[in-house]
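Following the hints, complete the assembly by docking chains B, C, D, E, F, G and H with the ligands onto the known chain A.
Chains as they are written, first to last, in the numbering used here: chain A, 1 to 68; chain B, 1001 to 1068; chain C, 2001 to 2250; chain D, 3001 to 3250; chain E, 4001 to 4177; chain F, 5001 to 5177; chain G, 6001 to 6355; chain H, 7001 to 7355.
A few of these clues could be false.
Straight line, CA to CA, 20 Å or less: simulated DMTMM-like cross-link-like pairs of lysine to aspartate or glutamate [to be verified]:
#1 2189/C - 7/A
#2 7270/H - 5057/F
#3 6202/G - 3037/D
#4 5080/F - 6216/G
#5 3192/D - 3009/D
#6 7204/H - 2009/C
#7 5086/F - 7240/H
#8 7192/H - 2085/C
Derived by calculation from the structure, the hints in this document are not laboratory data.
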Amino acid sequence: MARVIVDENRCKGCGLCTTVCPKEIMQLDKTAINIKGYHPSRCIDMDKCIGCAFCATICPDVCITVEK
Amino acid sequence: MARVIVDENRCKGCGLCTTVCPKEIMQLDKTAINIKGYHPSRCIDMDKCIGCAFCATICPDVCITVEK
Amino acid sequence: MATVFKRTEMLVDVPQHYCPGCTHGIAHRLVAESLDELGVGGRSVGVAPVGCAVFAYNYFNCDMHEAAHGRAPAVATGIKRVLPDNIVFTYQGDGDLASIGTAEIVHAAARNENITVIFINNAIYGMTGGQMAPTTLPNQVTTTSPYGRDASHCGMPLKISEMLSTLDGTYYIERAALNTVKNIKNAKKAVKKAFQNQVENKGFSLVELLSTCPTNWGMTPIEALKWVDDNMIPYYPLGVYKDRGEGELK
Amino acid sequence: MATVFKRTEMLVDVPQHYCPGCTHGIAHRLVAESLDELGVGGRSVGVAPVGCAVFAYNYFNCDMHEAAHGRAPAVATGIKRVLPDNIVFTYQGDGDLASIGTAEIVHAAARNENITVIFINNAIYGMTGGQMAPTTLPNQVTTTSPYGRDASHCGMPLKISEMLSTLDGTYYIERAALNTVKNIKNAKKAVKKAFQNQVENKGFSLVELLSTCPTNWGMTPIEALKWVDDNMIPYYPLGVYKDRGEGELK
Amino acid sequence: MTEKIIIAGFGGQGVMSLGQMIAYSGMTEGREVSWLPSYGPEMRGGTANCQVIVSDEPIAAPIISEADTVIAMNLPSLDKFEPRVKKGGNLFINSSLIERKANRDDINVHYIKANETAVELGNSKVAGMVVMGAYIKTTNVVKAETIIESLKKVLGEKKLDLIPINEKAVEEGSRQV
Amino acid sequence: MTEKIIIAGFGGQGVMSLGQMIAYSGMTEGREVSWLPSYGPEMRGGTANCQVIVSDEPIAAPIISEADTVIAMNLPSLDKFEPRVKKGGNLFINSSLIERKANRDDINVHYIKANETAVELGNSKVAGMVVMGAYIKTTNVVKAETIIESLKKVLGEKKLDLIPINEKAVEEGSRQV
Amino acid sequence: MAKQLMKGNEAIAEAAIQAGCRHFFGYPITPQNQIPEYMSRRMPQVSGCFLQAESEIAAINMVYGAAGAGARVMTSSSSPGIALKQEGISYIAGARLPAVIVNIVRGGPGLGGIQPAQSDYFQSTRGGGHGDYRTLVLAPASVQEAVELTQEAFDLADIYRIPVIVLGDGMIGQMMEPVEFGKYKKREVPDKEWASTGTEGKRKPNIINSLFIDPDDLEKENIKLMNTYEEIAKNETRAEITNAEDCEILIVAYGTTARIVKNVIKIGEKNGVKIGLIRPITLWPFPSETIAKYASQSSVNSVFSVELSTGQMVDDVKIAVNGVKPVYFYGRTGGVVPLPEEIYENVIKKTGGAK
Amino acid sequence: MAKQLMKGNEAIAEAAIQAGCRHFFGYPITPQNQIPEYMSRRMPQVSGCFLQAESEIAAINMVYGAAGAGARVMTSSSSPGIALKQEGISYIAGARLPAVIVNIVRGGPGLGGIQPAQSDYFQSTRGGGHGDYRTLVLAPASVQEAVELTQEAFDLADIYRIPVIVLGDGMIGQMMEPVEFGKYKKREVPDKEWASTGTEGKRKPNIINSLFIDPDDLEKENIKLMNTYEEIAKNETRAEITNAEDCEILIVAYGTTARIVKNVIKIGEKNGVKIGLIRPITLWPFPSETIAKYASQSSVNSVFSVELSTGQMVDDVKIAVNGVKPVYFYGRTGGVVPLPEEIYENVIKKTGGAK
Ligand SMILES: Cc1ncc(C[n+]2csc(CCOP(=O)(O)OP(=O)(O)O)c2C)c(N)n1
Ligand SMILES: Cc1ncc(C[n+]2csc(CCOP(=O)(O)OP(=O)(O)O)c2C)c(N)n1
Ligand code: SF4
Ligand code: SF4
Ligand code: SF4
Ligand code: SF4
Ligand code: SF4
Ligand code: SF4
Ligand SMILES: [Mg+2]
Ligand SMILES: [Mg+2]
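Chain A on its own, in the form it takes in the complex (with noise of 0.2 Å):
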C-alpha cells in the first residue's frame, strides 16, 4: 500500500502528474481552486496507487510526497 500527499496549495495545476500515472488516479480537481488560484491536483483513489512515485519525478514544483 502506498500513499501520494500533494502540497495543495504549491500545485500549478499543470497537469503533468496526471499523465504519467500508470494508475490513472492523479486527476485536477476542477472544482477546486488552490490560494494561487490553480485547480489543484489529487490522488482520486489512493487504494490504488502503488507507490512508483512518477508523479513526482515529472512534478516541476515538486509539490508530491510519495510513501510505501
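For chains B, C, D, E, F, G and H with the ligands alone, coordinates are given in the frame of chain A:
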C-alpha cells in the same frame, strides 16, 4: 633561361627565400645594407635559375619577381 | 510506511516562480537532489544565469551568485579558482549559454574548468517573452521569427553538446530530456555524474537538458512534453557525447 | 620572357610593417591573389582585425574596415547583409578569432554567413608582445606562460577548424600552413576556394593558416618555419575539415 | 474632461486589451489618450494592470496617482488599487471573483458579476466586456458603439463572429449599474 | 644637479637598457631618477628611445622637453632629437652608423665610433657601452663603477663573464671624448 | 496620415523603417523587446534585414559594418545591453559612422530591474566608452515625439557622421499613445562617398577606421571630432520651455520625468507658485544657454533637476547655472516613478516653501 | 625595504601581491601588458592564481566570481578593454563586491592609439556602465604612489565593498622610478561574512546579486549605495596641494599631467607668476571643496583644468568652482603629451597674460 628580380629595398633579409631555392642561388648579401638596414637577398648565379618561383612563393614581403 | 519520494532539503522551501508545467522546476530538483545525495550542499556555490532561472539563487539551498547574462562560466571560474575544494556549478539557459555566452562556455570547457554546467535548452528565450534562441528549431515560430525560423537567413540551430565535445578540455558531456519519467531518470543520472566528476576533480562536465517552455511555445504543459519528443529530440539526439572516463562516444 | 611571378595589384604597393620573415605577408599575398584571379577585387570589402594584421587595411587594394578586437565576423555580417553581392572577408589572428571573438566566429559560422574568413593561427598574440593565445601549444613559453603553457591550469589549445566543422552552418573549412612552398601552394588553393564559394553563394568558408611569429617565438624566421612542421602541424593536422560540396571529411 | 482609469486583474483576464479599447475609442472620438501597462516577468504570477487616460487636453503624464475609476478584476487588484480611487470616483469590482466589499465610503462602488454573466452568455472570455458595459454606462467616457468598433479592430476579420456576444456582454454589464 | 638624457636608436641597439643602467646607477648613488621608454608596435620599424632624468631634487615630470644630453645611435634618432638638446648641452653621435655631422654649433658634439670599437673589442653588442663610457666621462653624472655594478644586475649571475668586455668598452668610450 | 494608437517601442521601430532604415541588428532585453519583434515582422515586408545577433556586442559591431557599408542602420537595447555596446559605440564614433542606437533605460546598476529609469544619463551624454567622443542624445517625452526624433536621428547621424542615441525608458517604450506618421520633414543629408561599397576599380579604397597610431594623427582626428561636436552644439541644441518666463522655481527634467513635471506645474498654479520647466530634448548637446538664461531671471529663486536617478543631469544643470542660483536635485530610482504631488512637495520643501 | 627601480606596471602588480591579492584575471592590451606578464611570473611563486581570460568581459566576470567568493582580486586593462568591462563593473558595484581594476589609459576613441591619455575620466568617475553607481578612482602620479594607492585600493574596496579603479596612463605604466615597498600601512578591513564560500550547513545561503525586481527594493539598494558613496566622499577624498596659497592661477591636474604642471609652476616662478596646483588623488570622490576653497582666494584670477583629453575633468572643476572664478581648459589628445612651456604659454594667453 629564367630571371629573378628582388626589390632590394623592400627585402627584410629574412632569408626564407634562401632556404627554398632548389638551385641554392638565393643568398643574403652580408656586405650590403638596404635603406631599411637589412642585408638584402640576391641571386648569386642567375644562369642557374630555373624560374620555379619557390623563392617568390615564400617571400613574405613579395619582393621577388620571376621571369622565364 | 517509508518515504519513497520527498522534496530534497537542498531546495529552499518556497514556491518557484516558473510557469505551470515548466520543466525548469524538474531540472532544479535534479540538481538539488544530486548535491544532497553527494553530500556537498554545504560546500557548493551555484551560479544563476539571466533567463527564467534568474531567481535560482532563491531556490538552491547553498551559496549562490547571480551572474551577468551569459557570463556564468566566467563567474564560476572565478569562484572555483578561489575555492578549489568547493563544488561550483552554473545553471544556464540556451540564450545565456549558447548565444551571448558562447565565448565563456567554450573557454571554460577548453580550460577543463573543474565545474559542472547544467544547460537548459528550451529552444527559446523564455524570460524575455519568447524570442528566437540559437537552439530554436527550423521553422519554429517565435516573437523574433514570426514567420518561422528561416535557416537560410539565420542559420541552423546550434548543437552545443556536439560542438563542445570536440574540445580536448571537456571531460563529460551528455544530453538528456525532461519530458518523460524515463528521460527524467536518465537526466538525473547525468546530472549526478556531472557533479560526481567534479568531486573527483575530473574536470568540465556539462549536461544539456531539453526542457519545455509551454508559455512561449503557446502550448499546454502536456503538449509541450510531447513537442520535445516530436521535434526536439530528433534534432538534438539524447545520449553521452563525451566521457573521458570511458573514451569518446557517439 | 614571360613573367612567372609578380606582385599582384590587389596588394597596395607599400612596404608592410611585419617583422622580417613573418608569414602574415604570405597570407596577405594569397588573399590578394585570390581576389585578383577571381576578378572580384572591385567589389570586395575586407575586415582587418586587431592584431599584427591591424594595418591590413593599408595593404589590400579594396575597401576595408578596421574592426574591434574579435568582432570582425560581426562587422563582416553587417557589411554582407547590406551588400549581398559584394565579396566580404575577414582576416583574423588567433587571439582575435579564437579568444575574444569566439562568440562572433561561432555564430557567423552557425548562420552560414556567406563570407570568407582567413584565420591566422600563429599560436601567440603577436601584436601585444607574445602573450599566450588559446592556440598556444602545451609547454610553449610566452610572456604570460613564462613557465610554459600548463594545460592543467589553462587547458589544452583550441582547435578551431575541428570545432567549427561540427556546426551545420559551416560550408567549408580547411587548415593549411605557410611554412613550405608546398604548403603555401595548398594554402593558396584553399584560400581561393574559400572565396570561390562566396562568389557561388555557398556560404561560410574558413581557412586556418598556420603561421609564424619569429619575433615572439624567439627564433629566426627559418627556425620558425621548421617549428611549424615540428610542433604545430602535429597538433593541428592540415587538411579539409568540412566541405559541404563534397560531404564531410576527416 | 479628463478620465483616468486603472484596470487590474490576473494576467489572463484581458485587462490590457480592455484598457486599449478604451484608449482606442477615446482616440477615434477625437480625444487625447494614453495607455500604460505594467510589464515584466512578475506578470507571470501576480497582477497585471494598465493605466488609461482619456482627456480633452494634452496628457501631461500617463501615470495615474489618483484615478477617476478603478476596475478590479481580482482580489489582489482591489487591495492594491482601492486606495487610488479619488474621492467621488468609481470603483468597479468583479464580484464573481472578489468576495469582499469595498472598504471606502467616499466613492461610488459598483459590483459586477462579470464572470457569472459571461458564463451565462456562453463565453467566459467576455467577462471583461461585461465590466466594460458597466463602466461606459456609468461614466459615458466613450460610446458603446465606439467600443464595439474598436473591438472589431482588436479581433480582426477572422473573429468577427464574436462581435454579437461581446455586444451582449456590454449590454448586460450596463444593466448591472 | 639635474641631468636629462634622451637615448635613441634602432630597436635592437639596446638603448632601453643603457637608459636603465644610468637610472639605476643614479638611484644607487642616492639620486632621484626616472626612466621613460617609447613603446608600442611602431618600435618594430622605427626608432626606440628612452628619457632618463637623474637629479638631486624630486623629479616633476619624467618627460624631457629640453635635454642636457642626447645620445643618437642612428640617423633617424639624430634627426629627431638633435633639436631637443639644450644650449650648451651634449650630443653624442654614433659615428659608426651616422655619416652626417651635427647641424648645431651651440652644443657640445661628441662623435663616437661605437660599433667599430665594439667590433674591435670582439663583441658588437657592447657598442652602447662604448657610448656610455664617453657619456659618463663627459658628464660625470654617475661613476663608471656604479654603471658596471648596475650592469651586473642587468646581466645576472650567468653572464658575469661578459663584465670584463663591457668594462673595456666603457674605458674605450671614455677615451674617445 | 491617420492617427494610430501605438506602443512607444513599436512606433520607434516603424519610424525607423519610415526613415529608410533597412537594417536592424538587435538582441532581446526587457523593456525594449517590441522593437526587435516589430522589426522581425516588418523588415521582410520592406525587403529589409532584421537579424537577431548573438549578443549586444555582435549587434553593435554589425551596426558598425552596415553603417560603414553605407546603410541606414539601427540597434536597440536597454541599460545592461547598452553597457556592453560601449566599446562598439566608441569605435563607431571614432570611425565617424552614422548609426542610431535606442536605449530604453531600466533601473540599475547590475541586473537591477526592468522599470523606467534615467540612470544612464552619464553613460549616454559623456560616452560610456573610452576616449573623447560624444553621441548625439535625443530624449523624447511622448510616443509622437519618439517617432519624429527617431526619424530625425537618422538624418542627424548622416549629416554629422555620428552615432545618435534615442534615449527612452520603460514608460516611453511600453505606453501607447496616438501617433501620426509623416509629420517629420526629412532633412537634407550628404552622399556617403566614404562608404565601403567596393572600389569597382574606380577609386582608391575607402577605409573605415579608428586607429591612428601616431599621436599627432590621432590628435588631428580628435580635433575633427571636436569641431563636429561644436557644430552640432551650435545647430542642434534643443529644449522645450514651459511656463518658464518669470517663474519662481525652474525645473529641468527630460523625457518621462518632464511629463510628470507638467503636472507639478499645475499643482503649483493651484497653490500660487509659478513653476517653470525646461525640458532638454537633446541631452547632448545640452541646452546650457537656455537654462542659464531662464535661471538668471530675477524671479527665479532656485533651479531643480528632477530625474529618475540619484542625480546625473544635475551636473549639467549646475554647470549651466554656474552659481547664479542654487541648484537642487530630486530623484527616485530603481524604477520607482514619482508622483507629481511628491515632486511638488519636495521642491517646495527644499526651496523653503516658496510662498 | 630597499629601493628598487621598477616600471609602473610591474610595481602595480607587485603592490597588488603585497596587498594580498592572489587572484588576477586579465587579457593582454598595450600599454598595460607588464601587469599580466608580471602576474604570470609571480603568482605561481606565491601560490596565487594568474589566469589569462578569453576576453576582458570574461576577466571582469571572473573577478566578480572571485570577489564574491571572498578573494582579493584584481584585473587590469586599457581603454577599449575597460569599455568592454562596463557591464561587469556595474554588476560588481550593484552586488557590492570589492575588486580592484587598473586602467592604463590610452588614446581613443575606438582603437585610437596606445600613447598616454586621460580621456577615460568620464567613464571612470561616472560609471561608464548603466545605472547609478560610482567607483572609487585613484590616480597616482608616480610609481611610488601607484604602489601605495594600489595597496590601499584593496583595503578601500574591502572597507566599502566597492570596485576601486586605479587610473594610470601609458606614462605611469611604462616609466621606471625608484620604489620602496612596505611604506603603506594596511588599514583595518571588515570580515567578509557576506562571501559565498559554502554554507557548511551552518548558515543561510549567501547570495551575490544585483537583481531587485521590485522597484522599491531596487531603490532601497540604490539608497544603500548612495549612503556608502557619501561616506566615502566624506572620508576618502584626497588631493595634493602645491603652491596654491595666494596663487594667481590655480591649475587642477591629475596623474601624469600634474607632474608636468609642477614644471609649469617653476616656469611661472621664473616669470613672476604664482601658479598653484591642486592634484586630485581621488578623482571620485572629487576634491570639490578643496578646489572651491583655493579658487575663492582673492588672489586667484582664474582656474585651469589641464588634461590629456578634450576636456572631461573640467566639468567637475566647474561644478566645484561654481562660478566664483572663470574656469578654463587646456588639453592635448591622442597620446600627445604637452610640454610644460606649452602649458604655461596657453595658461598665460587665456588669462590675459597675468602680469
Ligand atoms: C546583457 C543582457 N542582455 C540581455 C538581457 C535580457 N535577457 C534576459 S533573459 C534573456 C534570455 C533568456 O533566455 P534563456 O537563456 O534561453 O533562458 P530561459 O528564459 O529560456 O530559461 C535575455 C536576453 C539581459 N538581462 N542582459
Ligand atoms: C578590446 C581589446 N582587447 C585587447 C586589445 C589588445 N590587443 C591588440 S592585438 C591583440 C592580440 C593579437 O593577437 P592575434 O589576434 O593572435 O594576432 P597576431 O598579432 O598574433 O597576428 C590584443 C589582445 C585590443 N586592442 N582591444
Ligand atoms: S506514486 Fe505512482 S501510482 Fe501513485 S499516484 Fe503517483 S504515479 Fe500514480
Ligand atoms: S505535476 Fe505538480 S504542479 Fe503539476 S498538477 Fe501535478 S502536482 Fe500540481
Ligand atoms: S626561381 Fe627558383 S631557381 Fe630561381 S632563384 Fe627562385 S627559387 Fe631559385
Ligand atoms: S624572402 Fe623576401 S624578404 Fe626574405 S630575404 Fe628573401 S627576398 Fe628578402
Ligand atoms: S516562460 Fe517558459 S521557460 Fe520561463 S518559466 Fe515560463 S514556461 Fe518556463
Ligand atoms: S610580432 Fe610576430 S606575428 Fe607580428 S609581425 Fe612580428 S613576427 Fe609577425
Ligand atoms: Mg531558453
Ligand atoms: Mg596570433
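Cross-check of the supplied hints:
Pair hint residue 2189/C plus residue 7/A does not hold up; C-alpha atoms about 26 Å apart against a cutoff of 20 Å. Simply put, residue 7270/H and residue 5057/F have alpha-carbon atoms about 17 Å apart, close enough for the 20 Å limit, and the pair holds. For the suggested pair residue 6202/G and residue 3037/D, the alpha carbons sit about 18 Å apart, so the restraint of at most 20 Å is met. Taking the CA atoms of residue 5080/F and residue 6216/G, the gap is about 15 Å. The hint holds against a cut of 20 Å.
A threshold of 20 Å between alpha carbons decides the hint, and for residue 3192/D with residue 3009/D the separation of about 16 Å falls inside it, so the pair holds. For the hint pairing residue 7204/H with residue 2009/C, the CA-to-CA distance comes to about 13 Å; that is within 20 Å, so the pair holds. Restraint check: the Cα-Cα separation between residue 5086/F and residue 7240/H comes to about 31 Å, which exceeds 20 Å; the hinted pair is violated. Only pairs whose Cα atoms come within 20 Å are accepted, and residue 7192/H paired with residue 2085/C is accepted, the gap being roughly 19 Å.
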